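One-letter residues, chain by chain:
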Amino acid sequence: MSLLEVNHLNVWFGRGRRPAVRDLSFTIEPGQRLGLIGQSGSGKSVTALAVMGLLAENAQVTGSVRFDGRRLLGAKEAELAQLRGRDLTMVFQEPMTALDPTMKVGRQVAEVIRLHEESSGRETRRRVIEMLDRVGLPNPGRITDAFPHQLSGGQRQRVVLAMALMLGPRLIIADEPTTALDVTVQAQVLELLDAQLAAHQAACLFISHDLAVVARVCQQVMVMLDGAVVESGPVRQVLSQPVHPYTQGLIATARLDLATPGARLPTVEDFYAGGQR
Amino acid sequence: MAVAQTIVRRVGVFVLSLLGATVVVFLIVQALPGDVAQATLGMAATPEQVEALRERWGLNRPAWARYVSWLGGLFQGDLGQSYLTGQSVSGQIGPRLAVTCQLVGLSMPIAVLASVPTGLVAAMWRRRWQGVVTSALSQIGMAAPIFFVGIVLVVVFAVRLNWLPANGYNPLLGPAGFDLAGWGSHLVLPVASLVIVQASLLSRYVRNGFVEVLAEDYLRTARAVGWTKWRALVRHGLRNAALSIVTVIALQISAMLVGAIIVEQVFALPGLGSLLLQAVASRDLPVVRGIAILLVVVVLAISLVADLVYVLIDPRLRSREAQ
Chain Z
1 MSLLEVNHLN VWFGRGRRPA VRDLSFTIEP GQRLGLIGQS GSGKSVTALA
51 VMGLLAENAQ VTGSVRFDGR RLLGAKEAEL AQLRGRDLTM VFQEPMTALD
101 PTMKVGRQVA EVIRLHEESS GRETRRRVIE MLDRVGLPNP GRITDAFPHQ
151 LSGGQRQRVV LAMALMLGPR LIIADEPTTA LDVTVQAQVL ELLDAQLAAH
201 QAACLFISHD LAVVARVCQQ VMVMLDGAVV ESGPVRQVLS QPVHPYTQGL
251 IATARLDLAT PGARLPTVED FYAGGQR
Chain W
1 MAVAQTIVRR VGVFVLSLLG ATVVVFLIVQ ALPGDVAQAT LGMAATPEQV
51 EALRERWGLN RPAWARYVSW LGGLFQGDLG QSYLTGQSVS GQIGPRLAVT
101 CQLVGLSMPI AVLASVPTGL VAAMWRRRWQ GVVTSALSQI GMAAPIFFVG
151 IVLVVVFAVR LNWLPANGYN PLLGPAGFDL AGWGSHLVLP VASLVIVQAS
201 LLSRYVRNGF VEVLAEDYLR TARAVGWTKW RALVRHGLRN AALSIVTVIA
251 LQISAMLVGA IIVEQVFALP GLGSLLLQAV ASRDLPVVRG IAILLVVVVL
301 AISLVADLVY VLIDPRLRSR EAQ
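Those sequence lines, one after another, are chains Z and W. Here the first sequence is numbered in this note's numbering, starting from 1 and rising by one per residue. Here the second sequence is numbered in this note's numbering, starting from 1 and rising by one per residue.
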């Protein structure tokens, strides 16, 4: 049985509007890492939020999402809340606003434990500090007592990652986890995510617009355009023999080493004009 | 410490504003048309009589000298004497202030307690009928003039149903001894009028505060780690929404003192409002000044407290490297 099974997922906001996600189907096996690539507005984040059950109230959703055989779409909020944070976790794109500005970082991480397990105060604090240490935060004891605004963007993203990894989830959804970070910090956070996924043998749905990043973390990749998947397969194969013109465009724009000096740089539209509506 | 600095700075602002306010209050009261001596003695008085009274009250002295002696008195807690009764102003204000304080002191906490759950419901269910109905009710409550609400309450509960007295005030410790029932029954309708109007207005702001917070990323994070929608809002939304709500509460306490003046008229309560109206009508300037400066102190004190509450709620205001 697949860990995550998405079948004929459709999402749209408001009547008469073009759907944000159209007839999307995919599966993720235990421990498998699937990359989801596409430009902004292609429906990547909507897909992630639909799986988590965190879409805004005005979203209409059809199709089915099963996690470990359990139906997620249409499940009660309380039932979903039990899964979220324990078996199914998420890392968001924007670390600057992802944490409650009025609460100490340590308490926010500790909440993940308190929500799902019985744990004494002392034991919880020990686990929080240990996890903050594992995600590479220097001086974790001091960080637990800091407020989010006292940390840098990279540090905050590590905190969010610590929250997502805390209870050893089976699936982590990472929605552009490094996009908002500096390039050097990006590399560190990716390395960390990679190592932690391996250590927990956790599956991952990794969302990005950056081919190089996806190629580093994932084995499988899906390319999304205008709410639908246009191409999918093993990362190597999709990168070396892209079939859809949009994918070819994406790869060409990413390979700057192949560009002729002095010539105009390629754009996706050189390969695929259908994306602009 | 950054917190200590903030407190010192805010207290400094408080003192300076208060000093400025004394000048403004003095000048405005000074500029009121009409001669108090003439008004007191009536049109039949001879110019000599009027002049003698002006002399006795010190009205012939230059304005700055009168300001300085008034200010000097203020620092010693002496607000001067009433022209009309000769009583000390503070002695006149005291019992009236007690009535107004009871009115506002009972109404505000009730209004706040009522507005938080209704605002929460209006925000969470803003796309469902429950939220729409709550919002509509609060709009009606906001739009209704407070004297109208008071009169409707009197007509229904005092005149028709005859459950409660229509007006008047009964002190808690009156001539007949401790009288909780009499005191309470006379305050129910006035407090209810203030609460209906204020809770409606606050509920609107609480709703808007929560709607803003609902769109925040950290609330989505809270749900992603396992809080249900409602519990996420209470746990991570309340404190953040409180930041904007505290401002409104502070402003509304001041507004409520004004609202209380009207309510006191409707229910014939011997509060500050009726004293102020009497004093203005009879040009009893020391009393007018005394009440005005008292209201200034209250408003400034409330905004001082509100600023300190911000610092308690928002850690970003506590550290030096605040963004």
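If you are wondering where the hints come from, they were derived from the structure by calculation, not from laboratory data. One should not assume that every hint holds.
A few chain Z residues that don't get close to chain W, going by computed Cβ distances all over 10 Å [claimed, not checked]:
1. G16
2. M52
3. G85
4. R86
5. H149
6. Q201
7. V243
8. R255
9. D270
To spell it out: a stretch of chain Z is covered by chain W in this simulated footprint if at least three of its residues, at any positions, have a beta carbon under 8 Å from a beta carbon of chain W; those stretches are [stated by the list, open to error]:
10. 53-61
11. 87-96
12. 112-118
13. 211-224
Treat the numbers as computed from the prediction; the structure is a model and nothing was measured. No residue lacks a Cβ here, since even glycine has one placed at the ideal position from N, Cα and C.
Count the residues of the region 87-96 of chain Z whose CB lies closer than 8 Å to any CB of chain W, then report whether that count reaches three. Answer holds; 4 residues pass the 8 Å Cβ test.
Minimum Cβ distance from R255 (chain Z) to chain W greater than 10 Å, as the annotation requires: holds, 34 Å
Should the label of M52 (chain Z) as a non-interface residue stand, given a Cβ cut-off of 10 Å to chain W? Per Cβ check, M52 (chain Z) is inside 10 Å of chain W; nearest 6 Å; violated.
Status of the stated non-contact between Q201 (chain Z) and chain W (beta carbon gap over 10 Å): Consistent with the label, Q201 (chain Z) stays out of reach of chain W, its closest Cβ about 21 Å off (over 10 Å).
Apply the coverage criterion to the region 53-61 of chain Z and chain W: a residue qualifies when its Cβ sits closer than 8 Å to a Cβ of the chain, and three qualifying residues are needed. holds (count 3)
Check of the region 112-118 of chain Z against chain W for coverage (Cβ-Cβ below 8 Å, three residues minimum): holds (count 3)
Is it the case that D270 (chain Z) keeps its Cβ farther than 10 Å from each residue Cβ in chain W? Given that every Cβ of chain W is farther than 10 Å from that of D270 (chain Z), nearest at about 36 Å, it holds.
At least three residues with a C-beta closer than 8 Å to a C-beta of chain W: is that true for the region 211-224 of chain Z? Our answer is that it is violated, as 0 residues pass the Cβ test (under 8 Å) against chain W, missing three.
Is the Cβ of R86 (chain Z) more than 10 Å away from each Cβ in chain W? violated, 7 Å
Non-interface claim for G16 (chain Z), where every Cβ of chain W lies beyond 10 Å: Consistent with the label, G16 (chain Z) stays out of reach of chain W, its closest Cβ about 18 Å off (over 10 Å).
Beyond 10 Å from every chain W Cβ - status for V243 (chain Z): V243 (chain Z) clear of chain W: closest Cβ-Cβ about 35 Å, beyond 10 Å.
Is the nearest Cβ of chain W still more than 10 Å from the Cβ of H149 (chain Z)? For H149 (chain Z), whose nearest Cβ neighbour in chain W is about 5 Å away, the distance does not exceed 10 Å, so it is violated.
Violated hints for the displayed structure, listed by number in ascending order: 2, 3, 4, 5 and 13.
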